[in-house]
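Chains A and B, in that order, are what the protein sequence lines are. Sequential numbering of the first sequence, starting at 1, is according to the working numbering. Sequential numbering of the second sequence, starting at 1, is according to the working numbering.
Hints listed in this document are in silico derivations from the structure and should not be mistaken for laboratory results. Don't take every hint at face value.
With a Cα cut of at most 30 Å, we get these calculated BS3-like pairs of lysine-lysine [said to hold, decoys possible]:
1) Lys42/A to Lys57/B
2) Lys57/B to Lys58/A
3) Lys18/B to Lys57/B
4) Lys17/B to Lys69/B
5) Lys17/B to Lys42/A
Pairwise CB distance ranges, derived in the manner of DEER restraints [said to hold, decoys possible]:
6) Leu7/A to Glu1/B: 50 to 60 Å
7) Ser82/B to Ser9/A: 22 to 32 Å
8) Asn61/A to Ser67/B: 32 to 42 Å
9) Thr17/A to Asp56/B: 24 to 34 Å
10) Ser80/A to Glu1/B: 40 to 50 Å
11) Ile60/A to Gly98/B: 21 to 31 Å
12) Ser113/A to Ile12/B: 14 to 24 Å
13) Glu53/B to Pro114/A: 50 to 60 Å
14) Lys17/B to Gly16/A: 31 to 41 Å
15) Ala54/A to Pro83/B: 38 to 48 Å
16) Lys42/A to Ile77/B: 24 to 34 Å
In this text the structure is predicted, and so the values were computed from the model without any measurement. We put the beta carbon where it would ideally sit given N, CA and C, even for glycine.
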Amino acid sequence: AQSVTQLDSHVSVSEGTPVLLRCNYSSSYSPSLFWYVQHPNKGLQLLLKYTSAATLVKGINGFEAEFKKSETSFHLTKPSAHMSDAAEYFCVVSGASGYSTLTFGKGTMLLVSP
Amino acid sequence: EAQVTQNPRYLITVTGKKLTVTCSQNMNHEYMSWYRQDPGLGLRQIYYSMNVEVTDKGDVPEGYKVSRKEKRNFPLILESPSPNQTSLYFCASSLGVGFQETQYFGPGTRLLVL
Chain A
1 AQSVTQLDSH VSVSEGTPVL LRCNYSSSYS PSLFWYVQHP NKGLQLLLKY TSAATLVKGI
61 NGFEAEFKKS ETSFHLTKPS AHMSDAAEYF CVVSGASGYS TLTFGKGTML LVSP
Chain B
1 EAQVTQNPRY LITVTGKKLT VTCSQNMNHE YMSWYRQDPG LGLRQIYYSM NVEVTDKGDV
61 PEGYKVSRKE KRNFPLILES PSPNQTSLYF CASSLGVGFQ ETQYFGPGTR LLVL
């Protein structure tokens, strides 16, 4: 079995300040982990993914995430928020079945103020 | 352009009237899947398919049917829609069926069942 917990339903930051979106996972296997972003009225776009290579993963638009097995965490960070980062972010785990079956967290809404 | 397409994008229907949401991908992907997104619940998998004529239930399959007669198409069928199936639906596909594969999402279909 696998599960994902996104620790914050909403995160508010000011433009130019750091972003931290927290994600903890549970998996009986060595999982793959993903972060997807959904802008208002849009589909889902892959930000980055971890697949057992480097534990620090760099994604698009300046985002990165670090896989910490001991803490079962995969937090998403960005040094400086931009207004265009305002969106909903989903942490996703895969691997329990051995196949491409994704389990989504409930999402974190990132609000960016000027 | 490589993409996953869904039709219709918006649909209003009445309880009990059969409907089909189409999904098509032009990337020769093996794996296809349907998800529904509800506020506060993230995305939950309805059905998935690992190849032509191979389909299986996800986490919330009740009230839905699928078929995979061709590799590129994976329609979602609601035989007798009910109001609790009002939701935002996403189709996704990935090249392979392994858990490290990246899934690519369609633009979504917003369904309202009256």
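Status of each hint after checking the structure:
In summary, the hint linking Lys42/A to Lys57/B is supported, as the alpha carbons are separated by about 26 Å, within the 30 Å threshold. With a C-alpha separation of about 33 Å, the suggested pair Lys57/B and Lys58/A falls outside the 30 Å cut-off, and the hint is violated. Under the criterion of a C-alpha separation no larger than 30 Å, the hint pairing Lys18/B with Lys57/B is consistent with the structure, at around 20 Å. The suggested pairing of Lys17/B with Lys69/B holds, with an alpha-carbon distance near 23 Å, which does not exceed 30 Å.
Simply put, Lys17/B and Lys42/A have alpha-carbon atoms about 27 Å apart, close enough for the 30 Å limit, and the pair holds. With their beta carbons about 37 Å apart, Leu7/A and Glu1/B fall outside the hinted range of 50 to 60 Å. The beta-carbon spacing between Ser82/B and Ser9/A, approximately 28 Å, falls within the hinted interval of 22 to 32 Å. One distance hint, 32 to 42 Å for the beta-carbon pair Asn61/A and Ser67/B, holds here, with the actual separation near 37 Å.
Between Thr17/A and Asp56/B the C-beta distance comes to about 44 Å, which lies outside the given range of 24 to 34 Å. For Ser80/A and Glu1/B, the hinted distance range of 40 to 50 Å is not satisfied, since their beta carbons lie about 31 Å from each other. Taking 21 to 31 Å as the suggested C-beta distance range, the pair Ile60/A and Gly98/B conforms, at roughly 22 Å. Between Ser113/A and Ile12/B the beta carbons are some 35 Å apart, a value that contradicts the proposed interval 14 to 24 Å.
Remark: the range hint 50 to 60 Å for Glu53/B to Pro114/A is upheld by a beta-carbon distance near 53 Å. Lys17/B and Gly16/A have their C-beta atoms about 51 Å apart, which leaves the hinted 31 to 41 Å range violated. About 47 Å separates the C-beta atoms of Ala54/A and Pro83/B, a value consistent with the hinted range of 38 to 48 Å. The supplied range of 24 to 34 Å is met by Lys42/A and Ile77/B, whose beta-carbon atoms lie about 25 Å from each other.
Of the numbered hints given earlier, the model fails hints 2, 6, 9, 10, 12 and 14; all others are met.
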